[in-house]
Every structure is written in structure tokens, then in C-alpha cells.
Amino acid sequence: MNKSKTENQPMAQQNILSAENIFKRFVSGDEDLEVLKGVNLKLQAGDMAVLLGASGTGKSTLLHILGTLDNPESGRIKYRATDIGSLNPKELATFRNEKVGFVYQFHHLLPEFNALENVMMPGLISGIKRIEAENRAKELLGDVGLSDRETHFPNQLSGGETQRAAIARALFNKPEVVYADEPTGNLDLKAGNALMDLFERLNNELNQTFLIATHNSRLAERVGKHFLMENGVVKMVIVN
Numbered sequence: 040m041n042k043s044k045t046e047n048q049p050m051a052q053q054n055i056l057s058a059e060n061i062f063k064r065f066v067s068g069d070e071d072l073e074v075l076k077g078v079n080l081k082l083q084a085g086d087m088a089v090l091l092g093a094s095g096t097g098k099s100t101l102l103h104i105l106g107t108l109d110n111p112e113s114g115r116i117k118y119r120a121t122d123i124g125s126l127n128p129k130e131l132a133t134f135r136n137e138k139v140g141f142v143y144q145f146h147h148l149l150p151e152f153n154a155l156e157n158v159m160m161p162g163l164i165s166g167i168k169r170i171e172a173e174n175r176a177k178e179l180l181g182d183v184g185l186s187d188r189e190t191h192f193p194n195q196l197s198g199g200e201t202q203r204a205a206i207a208r209a210l211f212n213k214p215e216v217v218y219a220d221e222p223t224g225n226l227d228l229k230a231g232n233a234l235m236d237l238f239e240r241l242n243n244e245l246n247q248t249f250l251i252a253t254h255n256s257r258l259a260e261r262v263g264k265h266f267l268m269e270n271g272v273v274k275m276v277i278v279n
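The sequence shown begins at 40 in the numbering used here and counts up one residue at a time.
A couple of the hints might just be wrong.
Calculated pairs, DSS-like style, for lysine-lysine (alpha carbon to alpha carbon, straight line, at most 27 Å) [as the list claims (entries may be wrong)]:
hint, residue 1, residue 2
1, LYS138, LYS81
2, LYS229, LYS274
3, LYS213, LYS117
4, LYS264, LYS274
5, LYS177, LYS81
6, LYS81, LYS229
Derived CB-CB ranges, DEER-like [stated by the list, open to error]:
hint, residue 1, residue 2, range
7, LEU228, GLU70, 36 to 42 Å
8, GLU269, THR133, 31 to 37 Å
9, PHE152, ARG119, 31 to 37 Å
10, PHE62, ASN243, 32 to 38 Å
11, LYS129, ILE167, 17 to 23 Å
12, LEU228, HIS147, 22 to 28 Å
13, GLN53, LEU267, 29 to 35 Å
14, ILE167, LYS274, 40 to 46 Å
15, GLU112, ILE170, 43 to 49 Å
16, PHE134, PHE62, 37 to 43 Å
17, LEU228, GLU269, 34 to 40 Å
18, VAL276, GLN195, 39 to 45 Å
19, ARG115, MET160, 29 to 35 Å
If you are wondering where the hints come from, they were derived from the structure by calculation, not from laboratory data.
Even glycine gets a Cβ: it sits at the ideal position worked out from N, Cα and C.
Take the sequences, apply the hints, and build the full model.
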């Protein structure tokens, strides 16, 4: 399905993101752990891809770096023609809010705000009118099956519900690229399938690009491009 879409849309052939020779290490006391050891990865606009690999191979670290939530020790990340490393902090914050959606392994909802307010937050930060932000948030909460939980606070939601609310928040600004770290980890089979249905619809209708780190083999089977990480590098790319 994604392959035929790519053939019919020339824009989908353009690289929307490229990571070149990315290194990252963490030093704690006497321990020096090199997590990423020269990662190279390219995403084309409209890709639906999964990042596979055992725990400890650097998947989450790579997603955080690609999503501009962390910096590499060395290497370069380009978004279209822009070298992300050349952006100043204000430009980087604007880029992150407008272009990138990030679904964390843990939801990171703000506990003092209800589900609706949490989902509205990216819009309020970017300066759109409150009524517009509220309408968009209601629509997204409906998409993830939480219309009846709008006024509930994070501590009143189940683990799966908080994850779905976080996903709605990540999609608020219609980001061009969505990074998802184990997005179905707290969801049952039915909710996980519904989430993938939503991702696929957004991918097809809005040409949003998705990179999903997962251990879920059923989810991976639904995706056409696989990046396999092993020992801190991308060892293999499989396109179905």
C-alpha cells in the first residue's frame, strides 16, 4: 500500500530526514557507554517505518536524537535541506513544535491539566486561538477513543488511556514526522490495532512520515520499511 502511494506521489521520493554517522555515549562515574556507533538512516517523505532491535541497542536514544530531544556527540541530522545542528535554541524549539511529533514510551502528560488541556498544549504554545485548539483536541481525542475522558486528569486515566492521550497531543500540530517509542506498549490488542489504523490513515491522507520503535511483531508486520538496529548501528534496511 505504501509502495504504490510512493509511486503515485513524486514528493514521497524526497528525503525528509537523514542521519549521518551519529555517535552518542553516556558517561556515569567510571562507566563510559557508547550507545550509538555511527548510525546512518534516511526517511523519505511519506514513509511508514519501524525501528527494530533488542533492548539496549540504542533505539530510544536514536529516536530522541532524531526528534531533537537530545544531541548527538557527533554526526549530522538534516531535515530536508536544513542542518538541525545549525539551529539556535529558539529556532530549534519552533522546529520541534511545528514539524515533529513525539510519542514517548511513557506518556509525560502534565498532571495538573486534564486530557483535553494536555492535548491542546502544543496549539496554545504555538499561539493559535483557544477555541481552535479546543476543537482540534476534541477531534483527536475522538480519533483515539477518548471523547468521554476529556475532563479526566492523568491520575484518573488508565495506562492505555494516558498513552492514547499522549498520542493525540503528539499529533496536534499535524507534524510532518512522527517518532513513536513503543507506542502500543501499554495498549491491549484492540487498542493497539486501532492506533495503527490511525497512524496508517494519517500516513495515507496527510502523507505524514512515521518511524516507530517497537518489539510488537504484529505491528511490524503492518509496516513496509524495517530498520534493524544491532550493537549501536543500523545493520539492515528491509523494504516490503
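Hint-by-hint comparison with the structure:
no.: 1; hint: LYS138 - LYS81; result: 17 Å, holds
no.: 2; hint: LYS229 - LYS274; result: 32 Å, violated
no.: 3; hint: LYS213 - LYS117; result: 20 Å, holds
no.: 4; hint: LYS264 - LYS274; result: 14 Å, holds
no.: 5; hint: LYS177 - LYS81; result: 34 Å, violated
no.: 6; hint: LYS81 - LYS229; result: 31 Å, violated
no.: 7; hint: LEU228 - GLU70: 36 to 42 Å; result: 39 Å, holds
no.: 8; hint: GLU269 - THR133: 31 to 37 Å; result: 35 Å, holds
no.: 9; hint: PHE152 - ARG119: 31 to 37 Å; result: 33 Å, holds
no.: 10; hint: PHE62 - ASN243: 32 to 38 Å; result: 35 Å, holds
no.: 11; hint: LYS129 - ILE167: 17 to 23 Å; result: 19 Å, holds
no.: 12; hint: LEU228 - HIS147: 22 to 28 Å; result: 24 Å, holds
no.: 13; hint: GLN53 - LEU267: 29 to 35 Å; result: 24 Å, violated
no.: 14; hint: ILE167 - LYS274: 40 to 46 Å; result: 42 Å, holds
no.: 15; hint: GLU112 - ILE170: 43 to 49 Å; result: 44 Å, holds
no.: 16; hint: PHE134 - PHE62: 37 to 43 Å; result: 22 Å, violated
no.: 17; hint: LEU228 - GLU269: 34 to 40 Å; result: 28 Å, violated
no.: 18; hint: VAL276 - GLN195: 39 to 45 Å; result: 42 Å, holds
no.: 19; hint: ARG115 - MET160: 29 to 35 Å; result: 30 Å, holds
Going through the hint list in order, the structure does not satisfy hints 2, 5, 6, 13, 16, 17.
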